[in-house]
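Trainee: Spelled out from the first residue to the last, the chains are:
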Amino acid sequence: MPKMNLSHFEAAFLFALFTSVVLGVVTKKTDRDRLHYGVYTFVCFLLALFGIGWAMYLGHG
Amino acid sequence: MAKEKEQKPPMPPLTAWVPAVALGWLIPGGGHFLLKRNGRGTLLLVSIASMFLCGLMMQGAMFQPQTGDLLTTLINTGGFIGDVCSGILFLASQWFGYNVPDMAGHVHDYGTKFLVTAGLLNILAMVDVYEIAAGRKD
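Quick note, the sequences are listed as chains A and B, same order. In terms of the numbering used here, the first sequence opens at residue 1 and continues consecutively. In terms of the numbering used here, the second sequence opens at residue 62 and continues consecutively.
One or more of the hints may lead you astray.
Cut-off 27 Å, straight-line C-alpha distance, at most; resulting in silico cross-link-like pairs (BS3-like, lysine-lysine) [as the list claims (entries may be wrong)]:
1. B:K174 with A:K3
2. A:K29 with B:K69
3. B:K69 with B:K198
4. B:K198 with A:K29
5. B:K198 with B:K97
Since the hints were made in silico from the structure, they are not lab data.
Let the hints inform the model, and build the full structure from the sequences given.
Mentor: Structure, rendered in structure tokens:
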């Protein structure tokens, strides 16, 4: 099994991508709503990733 | 004042949803394929399988059910259930002898979370299959 060595950002990005696709597919009832929800979830993941990342960086001093 | 009770929709017959949900557990997205939702089934299969494979390549640890204090039971038994819910991906990894101890390091830690989350996402897919098979969702 090949090994993967990802940074925090790369791993969190992949996590956000896969999770958003599944949440988009299973949550809404029309394809348009699914696409919107998937993109919305992905953007929320990224905002949380950068927001919490900066909060930890600034809080750490 | 009369309070109207909400009517619960009747439980669909077992034969309508059990095969689809069981196939959905065994093969992520399989229930959707059985119910002719091929596009959604493909997206689920690719996403869940990719997440599980990334978890394996990051050498994430599989949980073993343990009892003890509440937190230990919750984390290990819950994590094990999450791993098992990946279906054939989990079974194949066990058949091929995948057994990585829990190691320090952010990559291994992410890998463990990827493995569990793949199973949890498959649970969402199984619920979706149930709703489709029961006629509550298109």
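Trainee: Tell me the numbers of any earlier hints that the structure contravenes, in ascending order.
Mentor: none
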